[in-house]
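Quick note, the sequences are listed as chains D and S, same order.
Note that my numbering has the first sequence beginning at 1093, numbered continuously upward.
Note that my numbering has the second sequence beginning at 9, numbered continuously upward.
In short, the hints are calculated from the structure, not lab data.
For each residue, glycine too, the CB sits at the ideal point set by N, CA and C.
Be a bit skeptical, because a hint or two may be false.
Sample of chain D residues at the chain S side, in silico, Cβ under 7 Å [to be verified]:
hint, residue
1, Ala1150
2, Glu1212
3, Phe1216
4, Val1220
5, His1222
6, Arg1232
7, Glu1236
8, His1267
9, Ala1272
10, Leu1274
Facing chain S, according to a computed beta carbon distance under 10 Å, are these residues of chain D, among others [as the list claims (entries may be wrong)]:
hint, residue
11, Glu1129
12, His1133
13, Asn1155
14, Glu1174
15, Tyr1188
16, His1191
17, Ser1195
18, Trp1199
19, Ile1217
20, Tyr1218
21, Phe1221
22, Arg1231
23, Ile1266
24, Pro1270
25, Asn1271
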Amino acid sequence: MPASYIDEAKKQFKTDLVFKAEDVPPLRCDPPAAELEVTLHGLMQMNGYIIKSLEEIAGRGANAVTYRAGKKFGHEVAKYFEKKDDVEDALRELSYILHGQYSFEPWKPGDRDNYIVEDESGTFIYLVFHDCIVRQTLRRIGEEQGGPFCQTLCGYVVGAVEEITGKRGKLEIIHTGPNACLKKLILK
Amino acid sequence: MIEIKVDEDACVGCGLCVKDCPMEVLQLQNGVSYPAHPENCMGCLSCHEICPAQALEHKGAVPSRRMYISMKVCNMLRKVI
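Bound conformation, chain D alone:
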């Protein structure tokens, strides 16, 4: 294709639209959320296949990559939030940050009195994740839960908790389900 063709095409591409700074519309979701379904599902599928391909090529190394990516994201998102020592307060703060993407709550078996358990290995707390965009994505493309994409969420939560509390953390997947997942947050 000759270079002149591109110049000609550029010359032909004329519109009367002039964008001015004062014309920027007020903040609103446009088009309406219901019309974004196709976009959302397209993104879900794209993400899902990226992770699937990564797993095929990198094998178990995919978990480390996705965990690292999630952790960076978590640190980035939580760095402007108030720092807290109290774990429960930090989790409340985190729940606020993650609202819309994930919804979670502390959980304990019926025979336990407290959510936070302290032993020689550190402090841990069980978290039940109800809404989760990772689960939505995996179910959209028919992939198994608990793989590399779930590690993104683990990294995300750990990164955000570390940023808020200043403590090193780890999130273990205990169980994955269609409606909720159980995870164990360990703080050192």
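Following the hints, put chain S in place on chain D, whose structure we already have.
Just chain S, lined up with the frame of chain D:
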């Protein structure tokens, strides 16, 4: 607390729900599933999904959003069903 009901007539006693539950909420008793520790249920609904006889019912579980379901498919199914 989540209330779990087992349809004893429908349950085939395969034990898949017992095996799948991480909190050992369900147990097999006289060849059918039985909610032995419903206080430990976190509402993941794994047992609900794995049950081949659809014999389980959960009341009081927090329903998570299902954004993965295509609205187009739902609308088509509504026309058929």
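Now the hints, each set against the structure:
no., hint, in the structure
1, Ala1150, "25 Å, violated"
2, Glu1212, "24 Å, violated"
3, Phe1216, "16 Å, violated"
4, Val1220, "5 Å, holds"
5, His1222, "5 Å, holds"
6, Arg1232, "4 Å, holds"
7, Glu1236, "13 Å, violated"
8, His1267, "4 Å, holds"
9, Ala1272, "4 Å, holds"
10, Leu1274, "6 Å, holds"
11, Glu1129, "6 Å, holds"
12, His1133, "7 Å, holds"
13, Asn1155, "20 Å, violated"
14, Glu1174, "27 Å, violated"
15, Tyr1188, "18 Å, violated"
16, His1191, "12 Å, violated"
17, Ser1195, "8 Å, holds"
18, Trp1199, "6 Å, holds"
19, Ile1217, "14 Å, violated"
20, Tyr1218, "8 Å, holds"
21, Phe1221, "8 Å, holds"
22, Arg1231, "4 Å, holds"
23, Ile1266, "6 Å, holds"
24, Pro1270, "5 Å, holds"
25, Asn1271, "4 Å, holds"
Hint compliance for this structure: hints 1, 2, 3, 7, 13, 14, 15, 16 and 19 are not met, and every other hint is.
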